[in-house]
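A.B. asks: Chains as they are written, first to last, in our numbering: chain A, 223 to 523; chain B, 48 to 581.
Bear in mind the hints are in silico, worked out from the structure with no lab data behind them. Cβ atoms here follow ideal geometry from the backbone N, Cα and C, with glycine treated the same way. Each hint should be verified, as a subset may be incorrect.
Distance condition first, Cα-Cα at most 27 Å in a straight line; then the derived DSSO-like pairs of lysine-lysine [stated by the list, open to error]:
1. A:K410 - B:K473
2. B:K69 - B:K448
3. A:K519 - B:K473
4. B:K406 - A:K433
5. B:K518 - B:K473
Distance ranges between label pairs, derived from CB positions [unchecked claim]:
6. A:Q328 - B:E409: 51 to 61 Å
7. B:D377 - A:Q389: 20 to 30 Å
8. B:K375 - A:N460: 48 to 58 Å
Partner residues are not named here, just some residues of chain B that face chain A (Cβ under 7 Å, in silico) [to be verified]:
9. H127
10. W301
11. G382
12. L383
13. K389
14. L535
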Amino acid sequence: MAKPKLATTWLTGCSGCHISLVDLDETLLDVVGQVEITACPPLTDVKEAPEVDVALVEGAVATEENEEVLRRLRERAGKLVALGTCACFGGIPGLRNLHPLAQALQRAYVDTESTVHGVLPCSEEIPRLQPFVRPIDEVVKVDGYIPGCPPTPKMLAQALAALLSGQELVWSRRNLCEECPREHRAMKTTDFEFISQNVSSVCELDEIDPKLCFLEQGVPCLGVATREGCEARCLAGNMPCRGCMGPTPDAKEQGAKWVNAVASLLPAGTLSFLDDVMGLGCRFALPASLSPHWVGKEDEK
Amino acid sequence: MRKVALFFASSACRAGEPIDVKRLASEFEDSVDAVRVYEDFHDSSSLAEMTALVRERGISAVILAGRSPDHYEATLGGDHVAEELARAGVNPNLIIHANLAEHCSLPHAGAPAGVLFQKAKALTEVALLDARIRSAVEIVEVPPRRRALVIGSGAAAMVAAYRLVDLGIRVVVASASDGWRWSDAEKAHLAPSVSILEGHELCTLAFATQIRGVTGWAGDYETILAHEGATRRERFGGIIVAVGEDCESYMALWPLLQIDSTRDGRPYSRNAHTLSVRSTTSGVAIVPPPRAGEEALPRQTADATAAVLEITDLLNKPWLAHRVAVSKVDASHCGLCRTCIKVCAFNACSIDEHAGTSKVDERLCKACGNCVVACPAGARDLITGPTAQITGAIDLLAGVKLGDDPRVLAMLCAGCAYRAADTAAKEGHSYPASVLPLRVQCGGRVDMQHVLQAFEAGFDGVVIGTCREGKCHNIVGHLYLDRRVVLLRDLLRERGIDPERLQIMDISPHEGELCAKTLADFVGELSGAMSGAT
Ligand code: SF4
Ligand code: SF4
Ligand code: SF4
Ligand code: SF4
Ligand code: SF4
Numbered sequence: 223m224a225k226p227k228l229a230t231t232w233l234t235g236c237s238g239c240h241i242s243l244v245d246l247d248e249t250l251l252d253v254v255g256q257v258e259i260t261a262c263p264p265l266t267d268v269k270e271a272p273e274v275d276v277a278l279v280e281g282a283v284a285t286e287e288n289e290e291v292l293r294r295l296r297e298r299a300g301k302l303v304a305l306g307t308c309a310c311f312g313g314i315p316g317l318r319n320l321h322p323l324a325q326a327l328q329r330a331y332v333d334t335e336s337t338v339h340g341v342l343p344c345s346e347e348i349p350r351l352q353p354f355v356r357p358i359d360e361v362v363k364v365d366g367y368i369p370g371c372p373p374t375p376k377m378l379a380q381a382l383a384a385l386l387s388g389q390e391l392v393w394s395r396r397n398l399c400e401e402c403p404r405e406h407r408a409m410k411t412t413d414f415e416f417i418s419q420n421v422s423s424v425c426e427l428d429e430i431d432p433k434l435c436f437l438e439q440g441v442p443c444l445g446v447a448t449r450e451g452c453e454a455r456c457l458a459g460n461m462p463c464r465g466c467m468g469p470t471p472d473a474k475e476q477g478a479k480w481v482n483a484v485a486s487l488l489p490a491g492t493l494s495f496l497d498d499v500m501g502l503g504c505r506f507a508l509p510a511s512l513s514p515h516w517v518g519k520e521d522e523k
Numbered sequence: 048m049r050k051v052a053l054f055f056a057s058s059a060c061r062a063g064e065p066i067d068v069k070r071l072a073s074e075f076e077d078s079v080d081a082v083r084v085y086e087d088f089h090d091s092s093s094l095a096e097m098t099a100l101v102r103e104r105g106i107s108a109v110i111l112a113g114r115s116p117d118h119y120e121a122t123l124g125g126d127h128v129a130e131e132l133a134r135a136g137v138n139p140n141l142i143i144h145a146n147l148a149e150h151c152s153l154p155h156a157g158a159p160a161g162v163l164f165q166k167a168k169a170l171t172e173v174a175l176l177d178a179r180i181r182s183a184v185e186i187v188e189v190p191p192r193r194r195a196l197v198i199g200s201g202a203a204a205m206v207a208a209y210r211l212v213d214l215g216i217r218v219v220v221a222s223a224s225d226g227w228r229w230s231d232a233e234k235a236h237l238a239p240s241v242s243i244l245e246g247h248e249l250c251t252l253a254f255a256t257q258i259r260g261v262t263g264w265a266g267d268y269e270t271i272l273a274h275e276g277a278t279r280r281e282r283f284g285g286i287i288v289a290v291g292e293d294c295e296s297y298m299a300l301w302p303l304l305q306i307d308s309t310r311d312g313r314p315y316s317r318n319a320h321t322l323s324v325r326s327t328t329s330g331v332a333i334v335p336p337p338r339a340g341e342e343a344l345p346r347q348t349a350d351a352t353a354a355v356l357e358i359t360d361l362l363n364k365p366w367l368a369h370r371v372a373v374s375k376v377d378a379s380h381c382g383l384c385r386t387c388i389k390v391c392a393f394n395a396c397s398i399d400e401h402a403g404t405s406k407v408d409e410r411l412c413k414a415c416g417n418c419v420v421a422c423p424a425g426a427r428d429l430i431t432g433p434t435a436q437i438t439g440a441i442d443l444l445a446g447v448k449l450g451d452d453p454r455v456l457a458m459l460c461a462g463c464a465y466r467a468a469d470t471a472a473k474e475g476h477s478y479p480a481s482v483l484p485l486r487v488q489c490g491g492r493v494d495m496q497h498v499l500q501a502f503e504a505g506f507d508g509v510v511i512g513t514c515r516e517g518k519c520h521n522i523v524g525h526l527y528l529d530r531r532v533v534l535l536r537d538l539l540r541e542r543g544i545d546p547e548r549l550q551i552m553d554i555s556p557h558e559g560e561l562c563a564k565t566l567a568d569f570v571g572e573l574s575g576a577m578s579g580a581t
């Protein structure tokens with residue numbers, strides 16, 4: 223029997239997902255043995271993949287070229303799978319949606335502090351940016367999602383195994399706290415003193431207890447509103463979760479869902495220091511949320 | 048698919064501006080299993096026809112498109128219609144009201160007939176959506192405990208206790224004071240009865256006692272009574288609050304019983320004209336303090352007697368139907384983050400370590416929905432007001448065309464703001480018809496995603512109507528709503544949605560005029576902002 227054919231491509235992302243793929247180490251060799259990789263930007267130099275059984279797409283749709291590449295790949299792929307948070311939810315590139323395009327360009331090419339004599343790109347050769355960044359399922363039908371920025375090699379190995387044996391991709395529907403090794407103390411009971419008498423802000427902490435839930439210490443952590451699956455790698459490094467696995471499956475908006483929860487968990491002191499709720503809550507999934515982009519007038523921002 | 052019957056009360060459609068109820072009914076002929084128009088639901092012939100229809104056609108959900116649910120509940124025998132329908136086999140959670148009088152015909156004086164018709168149709172459609180989505184609640188039959196708790200130490204408390212023991216009902220009189228508190232004149236009148244009461248085997252006097260906790264429901268309340276440092280638990284079928292003019296005692300009782308009060312600290316009666324002793328909490332009767340200029344003793348003894356009747360009416364029933372209206376947990380979503388434990392004001396959430404999921408204690412849960420909103424994994428839902436119903440209703444209402452006024456979604460908390468809007472209508476205050484009401488369980492039930500959804504769906508403004516500070520029926524719903532909205536404003540601003548398009552209206556049930564004014568002013572501000580912008 224012929225080996226199944228696999229192609230990958232990258233749209234607007236950072237190539238991190240592909241690096242994670244290469245990070246599969248020996249597992250990758252197993253995969254290479256089982257499939258025929260027809261196109262994969264870091265490994266091959268094939269610009270346009272032939273017909274394939276499975277296509278993995280990294281990155282969001284941000285340019286006209288992205289859209290065209292994606293549509294063409296869709297036509298030739300049996301199954302098309304979103305690889306990584308950018309492809310699934312828009313990811314980091316999607317944060318540009320908070321600004322009208324003209325302003326985003328102006329800021330990036332002209333106004334940044336490090337730029338001298340900046341000019342807006344105007345060459346016909348360069349793919350034109352679309353007004354807003356979109357996750358790939360807004361453009362084509364998607365058969366599966368592998369969230370994560372980037373997805374862990376373990377998730378990738380699981381996903382490839384499932385895809386190659388023709389199974390659906392199924393991930394846990396729970397939030398990250400399930401995987402998180404940090405313990406809860408105050409959150410074991412109802413107690414309204416908690417919200418008023420906790421530490422008033424992170425700045426007042428001498429050190430962060432590496433064993434205790436961040437929220438209990440007054441440190442914003444996105445883990446509550448983030449899908450599990452990454453093995454809580456940041457938490458293990460004494461770093462709060464920033465939500466890169468995207469929202470739990472029923473949430474329509476990771477930021478709002480996080481707000482719903484932490485408004486009753488974080489002490490008032492911390493809440494008053496949260497001056498970038500958008501940046502905290504919607505860093506990874508804005509284009510896939512309710513109200514996915516700037517809707518105000520051009521000149522208001 | 049579930050069979051739904053839609054009944055209209057034409058009297059409600061004439062309450063203020065007329066709504067063409069025949070035409071309205073005809074609009075729904077194809078979408079439900081039976082449509083009927085009656086003058087009203089109470090009269091025996093309509094009710095007989097309704098129940099017969101339910102039985103014959105195997106109807107499982109009924110929509111009563113008439114007056115506000117509160118209008119019916121706040122009248123003597125107001126639950127009669129619901130009881131009869133339940134007897135015919137309709138689950139209480141599937142008896143759904145469309146409020147065509149207080150939220151449509153009454154408060155929009157001068158609105159064009161076409162606009163009112165569209166609004167009435169939309170409110171009925173929301174009820175229909177509800178009828179299709181909601182699931183039945185579990186009903187447990189609680190044999191009421193024939194024991195009553197009387198809270199207070201004045202003449203009213205004494206009279207209530209006396210009448211109860213006289214009817215053969217065991218009573219505990221609990222009060223923080225050291226003994227009876229009354230004037231010499233009252234003492235002279237009541238002296239003989241006091242002696243009898245004090246020696247009565249059915250009566251226990253618990254002075255110098257604090258009430259620390261009340262859980263459960265009408266027919267079976269569990270209380271924690273504290274006396275000289277020791278606490279004991281006692282169960283009662285019903286409670287009478289007779290603390291007289293001691294407004295501070297009402298305040299102290301608020302976290303335990305959630306009986307509403309008016310601005311001047313008086314307990315809020317379900318109906319000041321005919322049901323002055325019925326509180327907003329089932330199984331709890333109140334004896335309102337005498338008004339200024341009123342002769343205290345006759346009024347207090349009469350009301351105490353009425354309160355006893357209110358409670359014994361419950362306790363004499365063989366069983367009371369209690370709706371287990373809890374929030375439910377989907378274990379496959381729950382990541383044990385313990386957010387729900389922290390937000391529940393009633394200690395109803397805990398972790399079942401064995402099953403690896405959070406769970407709800409039915410005896411403690413008041414179905415406020417706060418944990419449903421807070422649960423960041425979407426593991427929870429509310430049986431009496433599922434999330435799908437709220438999101439469906441928002442989309443549905445967003446599609447209604449109602450003239451040129453800015454369109455406002457008013458998410459009204461059932462405990463306070465919904466009733467305040469009723470009061471506004473009953474007192475004859477008006478506000479623009481472009482305000483579209485949606486009843487939610489509590490301010491804490493409003494998910495910030497719903498607000499974003501409303502703006503995304505095209506609403507010009509969103510009002511969240513909630514209880515006044517310290518008056519939240521779910522203790523913290525109001526507080527958490529406020530805190531959520533503060534953070535949400537940032538999420539709105541960053542997207543170019545003016546945060547001023549979202550307003551919180553804190554209001555009490557009796558504040559009708561303020562409610563109408565707040566809504567009208569908000570619509571005015573929105574039109575100003577919109578015309579200024581173009
Ligand atoms: S998901 Fe993360 S790692 Fe993958 S392309 Fe996007 S930014 Fe890079
Ligand atoms: S909130 Fe963050 S720190 Fe706390 S348990 Fe969840 S993931 Fe861990
Ligand atoms: S802990 Fe959070 S931010 Fe870190 S990898 Fe996991 S999901 Fe991403
Ligand atoms: S927060 Fe409300 S709905 Fe949730 S368990 Fe507690 S009382 Fe029930
Ligand atoms: S808030 Fe939700 S996910 Fe967290 S413990 Fe409660 S039910 Fe589980």
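A.B. asks: The structure should be examined with respect to each hint, and the outcome stated for every one.
C.D. replies: Going through the hints against the structure:
no. : hint                        : in the structure
1   : A:K410 - B:K473             : violated (46 Å)
2   : B:K69 - B:K448              : holds (21 Å)
3   : A:K519 - B:K473             : violated (42 Å)
4   : B:K406 - A:K433             : holds (25 Å)
5   : B:K518 - B:K473             : holds (22 Å)
6   : A:Q328 - B:E409: 51 to 61 Å : holds (58 Å)
7   : B:D377 - A:Q389: 20 to 30 Å : holds (23 Å)
8   : B:K375 - A:N460: 48 to 58 Å : violated (36 Å)
9   : H127                        : violated (38 Å)
10  : W301                        : violated (14 Å)
11  : G382                        : holds (4 Å)
12  : L383                        : holds (6 Å)
13  : K389                        : holds (5 Å)
14  : L535                        : holds (6 Å)
When the structure is compared with the earlier hints, violations turn up for hints 1, 3, 8, 9, 10 and for no others.
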